[in-house]
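*Asks:* With chain F's structure known, arrange chain L on it following the hints.
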Amino acid sequence: AQKITQTQPGMFVQEKEAVTLDCTYDTSDPSYGLFWYKQPSSGEMIFLIYQGSYDQQNATEGRYSLNFQKARKSANLVISASQLGDSAMYFCAMREGQRARQLTFGSGTQLTVLP
Amino acid sequence: DTGVSQNPRHKITKRGQNVTFRCDPISEHNRLYWYRQTLGQGPEFLTYFQNEAQLEKSRLLSDRFSAERPKGSFSTLEIQRTEQGDSAMYLCASSFQGISGSYNSPLHFGNGTRLTVT
Chain F
1 AQKITQTQPG MFVQEKEAVT LDCTYDTSDP SYGLFWYKQP SSGEMIFLIY
51 QGSYDQQNAT EGRYSLNFQK ARKSANLVIS ASQLGDSAMY FCAMREGQRA
101 RQLTFGSGTQ LTVLP
Chain L
116 DTGVSQNPRH KITKRGQNVT FRCDPISEHN RLYWYRQTLG QGPEFLTYFQ
166 NEAQLEKSRL LSDRFSAERP KGSFSTLEIQ RTEQGDSAMY LCASSFQGIS
216 GSYNSPLHFG NGTRLTVT
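Same order as they appear, the protein sequences are chains F and L.
Position 34 (the first sequence) corresponds to 34 in the working numbering; numbering is contiguous.
Position 54 (the second sequence) corresponds to 169 in the working numbering; numbering is contiguous.
In short, the hints are calculated from the structure, not lab data.
A quick note: this is a predicted structure, and the numbers were derived from the prediction, not measured.
FRET-style restraints, in silico, Cβ to Cβ:
#, chain 1, residue 1, chain 2, residue 2, range
1, F, N58, L, S188, 31 to 41 Å
2, F, D29, L, T153, 22 to 32 Å
3, L, K186, F, Q69, 39 to 49 Å
4, F, L84, L, L175, 32 to 42 Å
5, F, Y64, L, R196, 40 to 50 Å
6, L, I127, F, N58, 44 to 54 Å
7, F, P40, L, P123, 15 to 25 Å
8, L, S142, F, P9, 32 to 42 Å
All C-beta atoms in this analysis are idealised placements derived from N, C-alpha and C, irrespective of residue type, glycine included.
The following block holds chain F by itself, in its conformation from the complex:
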């Protein structure tokens, strides 16, 4: 079974509007962390935001926020006030367990911001 599922291969959003990128995950471990990364066409992976399984509040970092619904095992990324520079591939990733080893990534969502 896929650990991380991103069901939207591509998304379009108008500049200055908000957009939600979906991510669902699968784990039986009560301790885990969820991460979102941005990968522009230049190729570098840029860390955006983190949410821990025990965190009571949804994580926020500037224009990025994470809509964490633990019972549904979803961790959707919300980007507010989209900018042209937000056009990129976005990956959701998970690290499981207290021993905290590698991150497992989803297949990504290509976001295009339209002027």
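*Replies:* Chain L in isolation, oriented as in the chain F frame:
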């Protein structure tokens, strides 16, 4: 903070040749990871080091692949007898993991080495 550095950025090689990539992590980071990414996919885990010890290897890492981190600083990834299926972006990442363990430390990635096997 100079970030994670990878060399070379691009490598074109003929099938059957050996290639070696280098990764210099962020200096205070004790963990170093290698991932492989093919077009349109997310990164796939290959292996990681805690200091100089290689603690985990993915089944994706065939016996043609070997990674080292001899002094717990830089790392090398070697692919022997390259095949066309090895063509991919090879990403290196580093993080700091304390003694108590923590799952909230993000991985910091380099710009990758793009390998093309002809």
